[in-house]
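Undergrad: Chain by chain, the residues:
4 protein chains.
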Amino acid sequence: MLHNHSISLTEAKRIIEAGEAKAREIGSPSNIAVVDAGGNLVAHVRMDGAWIGSIEIAINKAFTSRAFNISTKELAHNAQPEAPFFGIHTTNKGRVIIFAGGEPLRNGNDIIGAVGVSGGTGKQDQTVVDAAAGALTLSPADNPS
Amino acid sequence: MLHNHSISLTEAKRIIEAGEAKAREIGSPSNIAVVDAGGNLVAHVRMDGAWIGSIEIAINKAFTSRAFNISTKELAHNAQPEAPFFGIHTTNKGRVIIFAGGEPLRNGNDIIGAVGVSGGTGKQDQTVVDAAAGALTLSPADNPS
Amino acid sequence: MLHNHSISLTEAKRIIEAGEAKAREIGSPSNIAVVDAGGNLVAHVRMDGAWIGSIEIAINKAFTSRAFNISTKELAHNAQPEAPFFGIHTTNKGRVIIFAGGEPLRNGNDIIGAVGVSGGTGKQDQTVVDAAAGALTLSPADNPS
Amino acid sequence: MLHNHSISLTEAKRIIEAGEAKAREIGSPSNIAVVDAGGNLVAHVRMDGAWIGSIEIAINKAFTSRAFNISTKELAHNAQPEAPFFGIHTTNKGRVIIFAGGEPLRNGNDIIGAVGVSGGTGKQDQTVVDAAAGALTLSPADNPS
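Chains as they are written, first to last, in this note's numbering: chain A, 1 to 145; chain B, 1 to 145; chain C, 1 to 145; chain D, 1 to 145.
Just so you know, not all the hints are guaranteed correct.
Simulated DEER-style distance windows between Cβ atoms [what the hints assert, rightly or not]:
#1 A/Asp110 x B/Ala83: 28 to 36 Å
#2 A/Gly53 x C/Ala21: 44 to 52 Å
#3 B/Ala21 x C/Glu82: 26 to 34 Å
#4 A/Gly94 x B/Asn69: 25 to 33 Å
#5 B/Thr137 x A/Pro84: 25 to 33 Å
#6 A/Gly94 x B/Phe85: 23 to 31 Å
#7 A/Gly53 x B/Thr91: 47 to 55 Å
These are calculated hints, taken from the structure and not from any lab test. Idealized CB from N, CA, C, for every residue including glycine.
Chain A extracted, bound-state conformation:
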């Protein structure tokens, strides 16, 4: 058997709240989503006024980030024309997002989930997702030592 860790709902809510606070601060109403280690949705919010087209993008940024254990901002570089993964955005039934706003959630070397943000410019989404991901604080018992 493999022994995995995965994000809990309590942790997902804390991450999302941190993202909401940052999104309000920079005036970028956002969709924010968290997936678990299996890539499955744990929680999602759409802030008042955020784009309805961004619901799926936020969820799929989180999925993408866990699906390939990568920041979607970094994946973007490899998914451009002539780059090694050009075309990856149409795989996985269109769920792969190749622009900024998705970040893995790490516990030491393990990836225990991911968070995705969509609502503004790439820079705004990255600012919000960094604040969200930064709010993952694990209890001492969970920390690798």
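Given chain A, work out where chains B, C and D should sit, using these hints.
TA: Just chains B, C and D, lined up with the frame of chain A:
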């Protein structure tokens, strides 16, 4: 012009929290989702231990309930073989759910969104969704008089 | 964080080989698939002569069994017309299979994956999947005590 | 009538095992999939720790390679913007993969299936798929003379 009312994220969170409390009380870990007046997702949570197959079902129970302004429990009666809407569950790209757990959110005669719950038996889901929908309390300024 | 266990590839192969042996014994060339705790595919084989239409069915029986922590044979009862979950087979983008051949893989009270078989009658598929799931033997260190 | 040859499950397993050995050697946990002459999946494995987003990509690299009797690395050149097949990656319901890691399996001039690998860089995937495809050794009776 049409004047619409729609659920806010703050209200959606209150509704979801009430659903979570009831789900814990009856021991039925659930997915709970709220959509707005446009049928678009506002917020979702998957409680720890809830089925991953229920993520989409909860979201789509909420969608279904707003899409036809109906309780999904009531729609079920009309969607059986020989009934008037048999086959409706394959419309809308498979998003129409025809069993209990989705309820419209009402402001007087207006429907301002809907909530969907999936995680247990039909009876358990209905218990949780009723508790969730019941938590929609509007401020006096919002109430029709 | 949640602490999960999930099937390894070595275990998945052992499960599949046991299913293949039983399928040969009863003369029912089969597709056999194993998913992990997140519902994601770990391994699949199509035996020579098995139906190509069963590739997706076997994979999705395994998915279904993990998605709802249930035997698909049992789900079948609840998914008939007039039953509580009629219509569930069109949810999750058509991935929910409501006939025999999918079984969860258990480690004590945990579900660590699932196996799906498709290739013959419901009875044949059930015979093969039972043999497959029965081959999950965990090392002493993994066993709950 | 057409007389077709197609990969057997025994051969597919040998090919996959060779791919697994190479993937371990170069430290690139991979998804490896084999399809038959009809483009339909014969076998798949996801090595422990391999990306979940690569399950479908490995299967579809194999499909693509047989669908057009081409190395996906070669197809990549023709699928860039301004190139003759730009846009081909969205055909066939998104199953066409246009980066390295898929190779046809040949028996003389016949193509009897294909293998796809996804898990690392394009170079790593190509190294693994070459090792996998190289393990196809046919019995003397199968060899065209």
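Undergrad: Looking at the structure, which of the earlier hints fail to hold?
TA: Result: hints 1, 5 and 7 break, sorted rising.
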